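Novice: Each protein sequence line maps, in turn, to chains A and B.
Numbering-wise, the first sequence is residues 5 to 118 according to this note's numbering.
Numbering-wise, the second sequence is residues 112 to 226 according to this note's numbering.
What the hints contain is simulated information worked out from the structure, not anything from laboratory work.
A hint or two may mislead.
[To be verified] Partial list, derived from the structure: chain A residues whose beta carbon lies under 10 angstroms from chain B:
1. Leu11
2. Val15
3. Tyr29
4. Phe38
5. Tyr40
6. Asn45
7. Gln46
8. Gln49
9. Phe67
10. His79
11. Cys95
12. Gly111
13. Ser115
14. Lys117
Since this is a predicted model, take the numbers as computed values, not measurements.
We put the beta carbon where it would ideally sit given N, CA and C, even for glycine.
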Amino acid sequence: AQSVTQLGSHVSVSEGALVLLRCNYSSSVPPYLFWYVQYPNQGLQLLLKYTTGATLVKGINGFEAEFKKSETSFHLTKPSAHMSDAAEYFCAAGVYNQGGKLIFGQGTELSVKP
Amino acid sequence: NAGVTQTPKFRVLKTGQSMTLLCAQDMNHEYMYWYRQDPGMGLRLIHYSVGEGTTAKGEVPDGYNVSRLKKQNFLLGLESAAPSQTSVYFCASGISGLALSYEQYFGPGTRLTVT
């Protein structure tokens with residue numbers, strides 16, 4: 005069965021430091037992958053997505069992620085954290101021809117210290 | 112373009128009461144989804160629809176029913192609410208096909224408390 009695991013339910017970084025949020029998936033077929041961000045009391049907003057092609061994908065707000073098939077990973081990074089990046093981040097995976105369904109990870113709450 | 116809207120935003124129910132959550136999208140998307148979000152569990156799919164008049168069960172369908180009578184609307188019903196259904200409910204809509212990457216667009220959520 006398909007699953008998504010996010011390592012670390014809480015991550016804290018200092019402003020200006022590197023942000024690294026980890027996501028691993030399990031799937032018997034090549035998946036498509038997403039990172040979503042959720043600010044307090046709001047819905048989810050798409051940060052970036054991988055479908056096919058280039059394995060390094062860039063998203064909004066300076067975030068990027070790299071699809072590594074050999075490691076079944078899709079980690080999210082940002083070189084320099086900003087206070088406004090504090091939010092909850094969700095990794096999600098889907099498989100083609102299954103009604104567009106997504107499986108979400110448990111979420112990682114990112115705190116940014118001044 | 113309002114995107115995905117959800118009604119109501121907040122609701123408190125007593126155990127055994129029923130209610131319907133309404134989701135509407137104005138993007139002409141074929142696919143629509145209902146999720147629930149609980150702390151530490153991410154989002155879990157309740158039911159989904161791949162087109163008008165069709166529905167299918169997701170990961171946690173028990174205690175919920177859905178209907179998709181119009182393409183733009185997707186209703187989630189709770190026939191007899193239980194405290195375990197206290198959660199934040201999100202609706203999403205999406206587009207299908209390889210070229211369109213199955214991206215989902217989310218509504219703002221409905222916070223439901225069952226006492």
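Novice: The structure should be examined with respect to each hint, and the outcome stated for every one.
Specialist: Each hint, compared with the structure:
At about 13 angstroms, the closest approach between the beta carbon of A/Leu11 and any beta carbon in chain B exceeds 10 angstroms, and the interface hint on this residue is violated. Evaluation of the A/Val15 hint against chain B yields a violated restraint, the C-beta minimum of about 15 angstroms exceeding 10 angstroms. With 10 angstroms as the threshold, the beta carbon of A/Tyr29 stays out of range of chain B, its nearest partner Cβ sitting at about 13 angstroms, so the hint is violated. Hint status for A/Phe38: holds, given a least beta-carbon distance of 7 angstroms to chain B, under 10 angstroms.
At about 8 angstroms, the closest approach between the beta carbon of A/Tyr40 and any beta carbon in chain B falls short of 10 angstroms, and the interface hint on this residue holds. Of the supplied interface hints, the one on A/Asn45 holds, with its beta-carbon coming within about 8 angstroms of a beta-carbon of chain B, less than 10 angstroms. Hint status for A/Gln46 relative to chain B: holds, with the closest Cβ pair at about 6 angstroms, below 10 angstroms. Interface hint status for A/Gln49: upheld, as the beta-carbon distance to the closest one in chain B is roughly 7 angstroms, under 10 angstroms.
Annotation: interface hint on A/Phe67 violated; nearest CB of chain B at approximately 16 angstroms, more than 10 angstroms. Interface restraint check: A/His79 against chain B, minimum CB-CB distance 17 angstroms, threshold 10 angstroms, status violated. The beta carbon of A/Cys95 comes within 9 angstroms of a beta carbon in chain B, closer than 10 angstroms, and the hint placing it at the interface holds. Among the interface hints, the one on A/Gly111 holds; its C-beta lies about 5 angstroms from the nearest C-beta in chain B, closer than the 10 angstroms criterion.
A distance limit of 10 angstroms between C-beta atoms decides the matter here; for A/Ser115 the minimum to chain B is near 16 angstroms, and the interface restraint is violated. Hint status for A/Lys117: violated, given a least beta-carbon distance of 22 angstroms to chain B, over 10 angstroms.
Consistency note: the structure conflicts with the earlier hints numbered 1, 2, 3, 9, 10, 13 and 14.
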